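Asker: Sequence:
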Amino acid sequence: MKIIWLGHGSFRIEIEDQVLLIDPWLTGNPMLAEDQHSKATQGATHILITHGHFDHTADLVALAKSLNVPAVGIYDFMSHFEEKDGLSVVGFNMGGTVALGRVAVSMVPAMHSTSYAGDPAAPTGREAGFIIKGEGHTIYLSGDTGIMADMEWIGDYYKPDIGILSAGGHFTMDMKGAAYAARKYFDFKTVIPCHYKTFDLLEQSAKDLIEGLPGVSVIEPEVLKPISI
Numbered sequence: 001m002k003i004i005w006l007g008h009g010s011f012r013i014e015i016e017d018q019v020l021l022i023d024p025w026l027t028g029n030p031m032l033a034e035d036q037h038s039k040a041t042q043g044a045t046h047i048l049i050t051h052g053h054f055d056h057t058a059d060l061v062a063l064a065k066s067l068n069v070p071a072v073g074i075y076d077f078m079s080h081f082e083e084k085d086g087l088s089v090v091g092f093n094m095g096g097t098v099a100l101g102r103v104a105v106s107m108v109p110a111m112h113s114t115s116y117a118g119d120p121a122a123p124t125g126r127e128a129g130f131i132i133k134g135e136g137h138t139i140y141l142s143g144d145t146g147i148m149a150d151m152e153w154i155g156d157y158y159k160p161d162i163g164i165l166s167a168g169g170h171f172t173m174d175m176k177g178a179a180y181a182a183r184k185y186f187d188f189k190t191v192i193p194c195h196y197k198t199f200d201l202l203e204q205s206a207k208d209l210i211e212g213l214p215g216v217s218v219i220e221p222e223v224l225k226p227i228s229i
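For the sequence shown, the working numbering assigns the number 1 to the initial residue and increments by one for each residue that follows.
If you're looking for bench data, these hints aren't it; they were derived computationally from the structure. For clarity, every value in this text was computed on a predicted model and none was experimentally measured. Idealized CB from N, CA, C, for every residue including glycine. Be a bit skeptical, because a hint or two may be false.
As the list claims (entries may be wrong) - No farther apart than 20 Å at their CA atoms in a straight line, the calculated lysine to aspartate or glutamate pairs in the EDC-like style are these:
| # | residue 1 | residue 2 |
| --- | --- | --- |
| 1 | 176 | 208 |
| 2 | 184 | 200 |
| 3 | 225 | 85 |
| 4 | 189 | 208 |
| 5 | 65 | 85 |
Said to hold, decoys possible - Cβ-Cβ distance ranges computed for the label pairs, FRET-style:
| # | residue 1 | residue 2 | range |
| --- | --- | --- | --- |
| 6 | 115 | 94 | 17 to 23 Å |
| 7 | 68 | 204 | 14 to 20 Å |
| 8 | 104 | 222 | 24 to 30 Å |
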């Protein structure tokens, strides 16, 4: 498995027979140069969307069409893209699980807000996170979220060993908050922070996360550098 950060909350996950793009934000992403876009997205099989904000959906329609791949996310929102933009979609909802090839993806709650600048009237549903299972591992991708009580059952039921956690503060948990949530609700072997460094108002270092999780492998990702697990 390779987990590849594309900056901000965007990832490329190569797992089993799939190449999953998670909230791929290319246009205007200050951490991903234009000449890196092709490398970031080539060979993708699906695009997973956690919620409607621009830094998670700005490139969805163009990418889905150019790559000829389905968009995957909450049913209401995906139905909008199917009807208005002609995208192939996989729409599901909280607690549901879909098979993407040999990978199982489950939708879990997040606590944030959501809207879609591309069409303010679009039914965005609600914000979400994902559980991604494959190659003997279970990833909890938190999406944009604060600390929430739902993390208790998510950790207990799915037992993820890898956490990809929004941890930049201001809009989501900060590093100390992410460390608290990981200690209290999960038993991660590996934690990867995201949604940080992008802008000055976000946290620029994972120091507090690392110090808050002794015994856990906390990996500060580098853009387009694969983390092999």
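Asker: Confirm or reject each hint.
Answerer: Here is what the structure says about each hint:
1. 176 to 208: Holds, because 6 Å separates the two Cα atoms, which is no more than 20 Å.
2. 184 to 200: violated, 29 Å
3. 225 to 85: The hint is violated at about 33 Å.
4. 189 to 208: holds, 17 Å
5. 65 to 85: Cα-Cα ~9 Å, so holds.
6. 115 to 94: 17 to 23 Å: Check passed, 19 Å falls within 17 to 23 Å.
7. 68 to 204: 14 to 20 Å: violated, 37 Å
8. 104 to 222: 24 to 30 Å: holds, 28 Å
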